[in-house]
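Trainee: Residue numbers (my numbering), protein chains in the order written: chain G, 1 to 277; chain P, 1001 to 1747.
The hints are simulated quantities; they were obtained by calculation from the structure and are not laboratory data. The beta carbon of each residue, even a glycine, is placed where N, CA and C say it ideally should be. Take these hints with a grain of salt, some might be off.
[Claimed, not checked] Anything over 12 Å on all C-beta distances counts as not near chain P; from chain G, calculated:
#1 D73
#2 K123
#3 E146
#4 T200
#5 L217
#6 E220
#7 P241
#8 L268
[Unchecked claim] Partial list, derived from the structure: chain P residues whose beta carbon lies under 8 Å from chain G:
#9 K1037
#10 R1050
#11 W1635
#12 W1709
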Amino acid sequence: MPRYAMVIDLDKCNGCYNCFLACRDEHYGNDYPPYSAAQPLRGHFWLRVIEKERGQYPRVKVAYIPKLCMHCDNPPCQQAAVDGAVYKRPDGIVIIDPEKSLEQRQIVDACPHRVIFWNEEKKIPQKCTFCAHLLDKGWQEPRCVEACPTGALVFGDADDPGSKVSKVLHSARAEELRPEYGLKSRVKYIGLPRLFIAGTVIFGDTDECAGGVTVVLRGEGVELSTKTNNFGDFEFEGLAPGSYEVLMQHTQYQSRSINVIVKTDLYLGENVLERMA
Amino acid sequence: MADSETRVVRTTVWSPGPGCHGGCGAKLYVKDGRLVKVEGDEDHPFNQGRACPRLLALTQYVYHPERLLYPMKRVGARGEGKWERITWDEALDTIEKKLKDIRDEYGPESVLFCQGTGRDIGGPISFLAYSYGSPNWVQLGLAGQSCYTPRLAAMSVTFGDFAVLDAGQFFVERYESKEWQPPKCIIIWAQNPMSGCPDAFQGHWIVECMKRGSELIVIDPRWTWFASRSKYFLQIRPGTDGALALGMINVIINEGLYDKEFVEQWTYGFDALKERVKEFTPERVSAITWVPADLIIAAARFYASSKPAAIHWGLPVDQCPEGTTVAQAITHLWCLTGNLDVPGGNVIARASHNVTTYPFDSHQLLSLYGEELVKKLSEKRIGAQRYGMVRNFRGWAQPDMAIEQILTGDPYPIKAAWIQTTNILGGQAADLRKHYEALKKLDFIVAADTFMNPTIMALADIVLPVATFAEKESFRSWWAPLSVVVPAVKVGECRSDWEINLELARRFNPEGIPWKTVKELINERLKPSGKTFDELAAQGSWEMPPEGHPSRPYRRYEKGLLRPDGKPGFRTPTGKVEFYSKTLEEWGLDPLPYYEEPPESEVRTPELFKKYPLIMATGRRSPVYFHAEHRMIPWLREIDPDPIIEINTSTAKEMGIEDGEWVWIENDRGRIKRKARVTPIIHPKVVMVPHGWWLPETEGKEPYLYGIWEYNCNLLIPIGTQGKSGFGGGAYKTTLCRIRKMEKGEV
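Only chain P is shown next, with the shape it has when bound in the complex (with noise of 0.2 Å):
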């Protein structure tokens, strides 16, 4: 409640603070410069005034006494935890220093530009390296880059753009809006929306399309909240996803269950598509799933049958071997049953009134900075000449190779890393170990970030503080509403990522960077939506795209509204949605979705299996935590205290393990150690230990490195899984282990 002194700044959310991908409208109430409480914004159709834990915690975040609050210099040894406080100049001169000399000597690809998830970093992160000249922009220690980039790959390749589950949210007016309807079948593939923050989307969407009649199938090898709600609940063996698609469509076609005019008029490619999924019937899906057969005939039938429905889907579809085919399928589910662009069901999403933040596609990518950068992110950027996909769809520079090659120096040497939002070695690294031994070797390593963590103690030279989203000026189109992220407060002499990141990429680019200002920076970015910052602040931070544009469904490619021609249809060679992909033939990959095995299972490796019984799913999310971040925020911490790991009780009880005990959890490549949670909620044949663990409250020099080498899970994942795309198939969810209770004295 407002009073006299207090003022209240309408803002939108977007990392870091709640940490998510954000898009949330929230009322920050500030006192004498202070921010003193958070609300939801009731007028942001986003989120229409509800919040999250890790907003509603904000305060405790932003003046958290550990934050980091001015720039640090390392003064003793890597890992020796010896800083001291420098001035922002000087910590600028020494990064431009640094870089110039090593762009000098070993040209500006030696430094790698690393960020984690995507969020409010994307723009900033790439035209940094863009503006340095470097191509390797890259999210490291992200094993087979499985995290949304599979799957908005494959959806592009499909139909030309991406699509997510319709829960009104482009309209202002949301469920009340006139032109949506609720689906009547909603699939949550894959994901818990309650704890997750997916690709910014709320499990409050889907319980008021619940309200409004939805019913569910729930595909997950967990008993969620929303599983014990639904119709038909799927328990599938985790990285099997792919085969249970392709048995969906065995059902849906061979039943005659599509819907023939879309197939009709709208695709390319339905024959091969049929013969392909010939061998993937209910039985032997079944097999290979852990599904009932009559438990998938029923689930196809229901979705197919139900008018309009609609797919959610979460980040362990990317995390399935060779994710990006897995994704194909799944996206092949949607357009078989015309569910595409229709109310209710997978609706496009486009940046909001074309309006780009930072590079999605390759098309953004062209359009943001030009053939010629392309041209160059093609010829030097790791992965790019071997992966078809990875050199024509999107930016990245494929990460499991980029670590290999800080090792090997081939075939050109790694120097330098900027390390921005990242977290990585208490976040994202599979096979740990290699990668902090990997990182180690390198001569000049900036970190960015609000709190330290294991990775800047173990590696960082420089260490910039930076702004949370309360103190920041930003912009976010991704998807809708276009809006912006207005300041409340300043803290300490922490900057944002976009002013550190316009600073250094003037200093390396002086005359390709003519904005003086982020504001100024934003403004030309905000041009397409004809509205300045100061003018989308002071209409409360958002707008939604107008009537006909091309960001506002529906049914965009009966309109024309969707290719660069203008013509009706896709943006896609055919211009039709193509099951059979004619992009990746072009690519050498398979045109047609198929069906991998995990690389280690009861399947493919029987003999390991013998040795490590259980299936290590990791990653489940929590309501406080984003990924690693969130430990040390007290309210947050005492909901999720302890580093666990779930076990069945039925598996438990075999193994002489109860709740609350510690237990070892081993393989090959190391061990860790978590607190058993005794649950039905998890599959007998599998563990659920989440990821993202380091204590900060413990030990933070080495080696103990807030306990990273005991708690972190990804010691125990490997990388160089990734598919034959280049992207998708972090094992992160399929990898085998055994667990063990903790004797007495072991520690």
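Excised from the complex, chain G in its bound form (with noise of 0.2 Å):
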């Protein structure tokens, strides 16, 4: 029996939506009992494509985020529902029974991700099923996976270890959309969005850009450290919300540091530094 498992690799996914519209190919208009009912023909997003566009002038960073039910070991719409209408298939998938789930409405308001809608004339909730209709078929994998023309989507059984998908798996980078959720997720990310902190530096005699400045970042636990490149820019990713200071220096020239409290990322601007006396 294979334990199916997703990654979806930021890295390659450049917001084609081809996903999104595999996944209304196969569902729109077709039931696939015991599965799922037909999706409606608007409104759905069984498979979502977010746009994460995030920093500011210059320095900015875009991001596609395929986001679909994450097919949890620990599903909270399974504890909401009544009469077995949600359960997990030996091989992982979570199904909600479209005839078991009748006026279930609670299944949808369950789910933090957000990933499950209300069939408003069936009166059924809906979500993906990872196509466990073709899997059962013999297929290696589900029509947005199929569909993704970049490979951003791997998926496959994670217990077979020549599988791709637990190669990368084991990845250190896999991680869990919102692990803070507790929920055991069955789909898993590469390259997820992390707040970052940049800036650039001037050179206060010459106004050139200062490369090989040391900027040393501290806060919320952490201390980092990097080099500006020939452009005078530097970088910090992968932060948490907090306070930081961000420290620069250079043997020539006199430090500067800025304490900043950062929600968001951040974009210094140009910071310059005064030749020392």
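Assembling the complex is the task here: the two chains are given apart, and the hints tell you how they should meet.
Mentor: Take a look at the structure:
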């Protein structure tokens, strides 16, 4: 018995939306008993692409985050359901039974990832099934994965050490979206956007980009150090929100220190270092 | 998954349907005569099983309840929305009679044959226009013909051919091909290859190169996904790309980073180019382009020192002022660095197997239609007398002049328009109002399309329903592979563009048209390949050019595969890559690239800039729409639901505009409204306004016309800004505007 998992590599996702459309093509107008009833024409995003644009001019980062049912090992939708309307297959797929879940709107509300959708016409909650009906027929992967043109979506048996998905899963970079929910997701991510602080350093005497300046970041229990590049730019990524000190140092220039409270990604602009007397 | 009752048709995707420039292989699943599902064809080297949202939504398009399914004639006044169903016979008889009457009275040149962007239309429409006898085949509304033609012209005068970034697309094995290697450096110049479907090029091709080590330089006013993953991002002022290219050439020449052997052996005019770029120092270019000088230098060094390196460019190049010369300067970059027709460089792209669907250049025009027609094209074609490049490169009439001529009747009257695959008023027409007013004056207008749209509603007398690619026979040789479009289903009474035009062409020119069916015509065109339509269809719908063929890379200039005389070298007057273009000189144009400031800008029109302090760049692509199409497809619309304007976070804050609020965009030509999308990705001094917006769900009758007067950004864009060559310079990316928050009560 396989144990299915998916890894979404955001470094490869360029936001083409094929996954969403393939899901639409597979599920709109098509019932797949006993796993799913047909998607309605509008309003259901069993796989939604979140566009994440952050930073400030001139330092910006863009990422696309495909988000679908996480097929949690600890699914709150199952806890919220009555009459066994939500169950987990032995292969790990979480299924909302389209018949038993009639009128069970609380199943939609139970999901902190907001990936379950209410079908107003049929009065049932609906979501991604990992295309269980296709896997049962021998498919190796759901339609969204098949349609992904860049290989950002990887799917397979997490218990098979030879499978691509198990290799990526065991790379240090695969992580859960919102691990604080404690849901043990079967869908994991690589390259999730993390808070960054960036800036540019200029030498005051020459008005030129300051390359090779040591920049130290301290705060929230971390101390990080980097050097500016030829354009005088530096960047720290993967930070937690909080208070930080940014210290810019160069042997021939006076050091400069800035204290910031960071809630969102921050570009500190140009910082001038004056030459020592 | 095919079960016993499901038939799978392997075919080639070329508009209509996804609408794009096409080339993908698709598997169409047909059950009981109905299309039920679509997938990319994993055996097709162009896309290797991949698709796009518009292809995946094909069933929604083909069976859309509002699709045009039978011919109609207008029974009320134009714009009243009163239509009556008619038979094909009545439609074709009416068209034949009206157009023949006009031809007899005013001459065939008084009819414009209008198409949209170059897809599976250039063949059928030029064929029809020339069979009727009109030289006026035109992308009406496209100011300065600013879409690919300037780039094609620049490449053609420089090295006698066209070239594209080499992502292995000329080989069956693609990235596994032993002949190919990935570019070490890719410049993405003015494009977002995820969303665009540029010139038959796909975003995932670049991603595949990145996986194999390609590093990016991105040139764009917007932080795209590719920009945020680039080694160098040059956030450029719209319209100044020419200066940037000249600045990069300056660095490459002055630092000795060019390919000396290639330049020595294969090029002409290097010293003249060196002299020309002297004034384009990185500092001066920085002041023009907003790109820091050290970044210009670093990017130029990285590009020139990476072997191989390739440039992938987009339509904004054409829409720079003097677009042709901008494209010329960029072309020089890959020629200077010896990246022409080498693996992983910019590889020469010829029509596969030398099969031509429609004339891309003058060589093809001659071989397709003969000298007599070409002569006629130079005498009567709009713009051919004024512009040497228009006269000598491709068969287009000049669009800005064409619309003026409707209004003035000078030098001869325009009486009718055949409009096929183009929603002029909802799509490409700059100075929308002028196009509306001019076209209203015409005596007779036919429109052939898949859906009702503002252009048909406002103007058409007869409407013809057009088949999607899933319903038609056609063929494609736009680069490689050679492929055929194989019909899978039939919908309503829809006919393909080829079918419609062949029938009418036969009526206009009975002696000249020997083919009875579209398939016969296609087989005639396919002859250089030695294959027939049915043979290609049976082998999966495609074939790559064979080894040693001129349409297959690499280094064809060494092998004598490019010139008609079979000698090594290039198809240019000197036989070399011409930095100093003899051809441009002969056409009365500057033989060397130069820079010109946008028609409206902080530099050229400072007074106007005070009034309108933002640059309105239009036309960023959406992954779910192709230009003015697809707004009626529910699955696509829910991804990109509103006509928006992208405003930088800091700019929006200054103006008190919040994300999701409605704003006015204004200049002296008028105003439109858009929903604010507040984002850091756009430059603070630029707003990005997506084009092609009309709302099919709203009132179509006059005066509403599905909201074009409220939402179409082309209302604010001028015409008549074309370059000295007649090509390029449509101000779609450089027009000044101001924005203002919509007050309560304003609608």
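Trainee: Take the hints in turn and mark each one as holding or not.
Mentor: How the hints compare with the structure:
no. : hint  : verdict
1   : D73   : 29 Å, holds
2   : K123  : 22 Å, holds
3   : E146  : 8 Å, violated
4   : T200  : 10 Å, violated
5   : L217  : 21 Å, holds
6   : E220  : 24 Å, holds
7   : P241  : 18 Å, holds
8   : L268  : 15 Å, holds
9   : K1037 : 6 Å, holds
10  : R1050 : 4 Å, holds
11  : W1635 : 5 Å, holds
12  : W1709 : 27 Å, violated
The structure fails hints 3, 4, 12 (numbered hints given earlier, in ascending order).
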